[in-house]
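Visitor: Let the sequences and hints guide you as you build the complete structure.
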Amino acid sequence: KAGVTQTPRYLIKTRGQQVTLSCSPISGHRSVSWYQQTPGQGLQFLFEYFSETQRNKGNFPGRFSGRQFSNSRSEMNVSTLELGDSALYLCASRQGQAITEAFFGQGTRLTVV
Amino acid sequence: QKEVEQNSGPLSVPEGAIASLNCTYSDRGSQSFFWYRQYSGKSPELIMSIYSNGDKEDGRFTAQLNKASQYVSLLIRDSQPSDSATYLCTILSGSARQLTFGSGTQLTVLP
Numbered sequence: 001k002a003g004v005t006q007t008p009r010y011l012i013k014t015r016g017q018q019v020t021l022s023c024s025p026i027s028g029h030r031s032v033s034w035y036q037q038t039p040g041q042g043l044q045f046l047f048e049y050f051s052e053t054q055r056n057k058g059n060f061p062g063r064f065s066g067r068q069f070s071n072s073r074s075e076m077n078v079s080t081l082e083l084g085d086s087a088l089y090l091c092a093s094r095q096g097q098a099i100t101e102a103f104f105g106q107g108t109r110l111t112v113v
Numbered sequence: 001q002k003e004v005e006q007n008s009g010p011l012s013v014p015e016g017a018i019a020s021l022n023c024t025y026s027d028r029g030s031q032s033f034f035w036y037r038q039y040s041g042k043s044p045e046l047i048m049s050i051y052s053n054g055d056k057e058d059g060r061f062t063a064q065l066n067k068a069s070q071y072v073s074l075l076i077r078d079s080q081p082s083d084s085a086t087y088l089c090t091i092l093s094g095s096a097r098q099l100t101f102g103s104g105t106q107l108t109v110l111p
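Chains X and V supply the protein sequences, listed in that same order. The first sequence runs 1 to 113 under our numbering. The second sequence runs 1 to 111 under our numbering.
Any given hint might turn out to be false.
[Said to hold, decoys possible] Cross-link-like lysine to aspartate or glutamate pairs, in silico, EDC-like; alpha carbons within 20 Å at most: (1) LYS67(V) / GLU57(V); (2) LYS13(X) / GLU52(X); (3) LYS67(V) / ASP78(V); (4) LYS42(V) / ASP83(V); (5) LYS56(V) / ASP78(V); (6) LYS56(V) / GLU75(X); (7) LYS42(V) / GLU101(X); (8) LYS56(V) / ASP83(V); (9) LYS67(V) / ASP27(V); (10) LYS57(X) / GLU3(V); (11) LYS57(X) / ASP27(V); (12) LYS13(X) / GLU75(X); (13) LYS67(V) / GLU101(X); (14) LYS13(X) / GLU82(X); (15) LYS57(X) / GLU75(X).
[To be verified] A few chain V positions that, by computed beta-carbon distances, are all more than 10 Å from chain X: (16) SER12; (17) SER49; (18) ASN66; (19) ALA68; (20) ARG77; (21) PRO81; (22) GLY102; (23) LEU110.
The hints are simulated quantities; they were obtained by calculation from the structure and are not laboratory data. Treat the numbers as computed from the prediction; the structure is a model and nothing was measured. Using N, Cα and C, we set each Cβ at its ideal position, and we do this for glycine too.
Guide: Now the structure itself:
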């Protein structure tokens, strides 16, 4: 059974640009959550999608957005990139909202220069 | 007060010893508790989940939960150098139904 797949693995962008990250959950999993991990702040929750609907949102500016498709794949978009957006972006999938164990993808390492 | 508090370490133990990792949480409504292991440069890997008070054992790992004290711990018996990693205490908050992570405890097992 394939795990959670995130693409791309590495990305370098310039300040002011926008970026889109992709996450394909484990087959049969309908919940996808996104996290930002930095050395200073640890793992911070961005948002969660379940059945194409955003169910929870963390405390991030509106430049961070996401969506989920009917096949449960999810994308995260960051507009007007800032240097501080450099981080490891992780997505995690769960089978459903009542199923609490979450499994992470390998992450996308974003560097903003 | 942080929602999930862990000793950041670093914690060093000799090979073969027991490593004890501790965590407290603030949301009394939390029902699900997890420990993730994260190697440097890698993504977190789920190693233990615990939902009720008491101990849960899986191989060399034992998770302990005390909801009255809002305390979760992870014991690693016969620690190996390959156990050297950061361990993240994680709860599923009762109200928001989202995972909240501690800042992690960095464990080093010395050969």
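Visitor: State the violated hints by number, sorted upward, taking the hints as numbered earlier in the document.
Guide: Per hint list: 2, 3, 6, 17, 22 violated.
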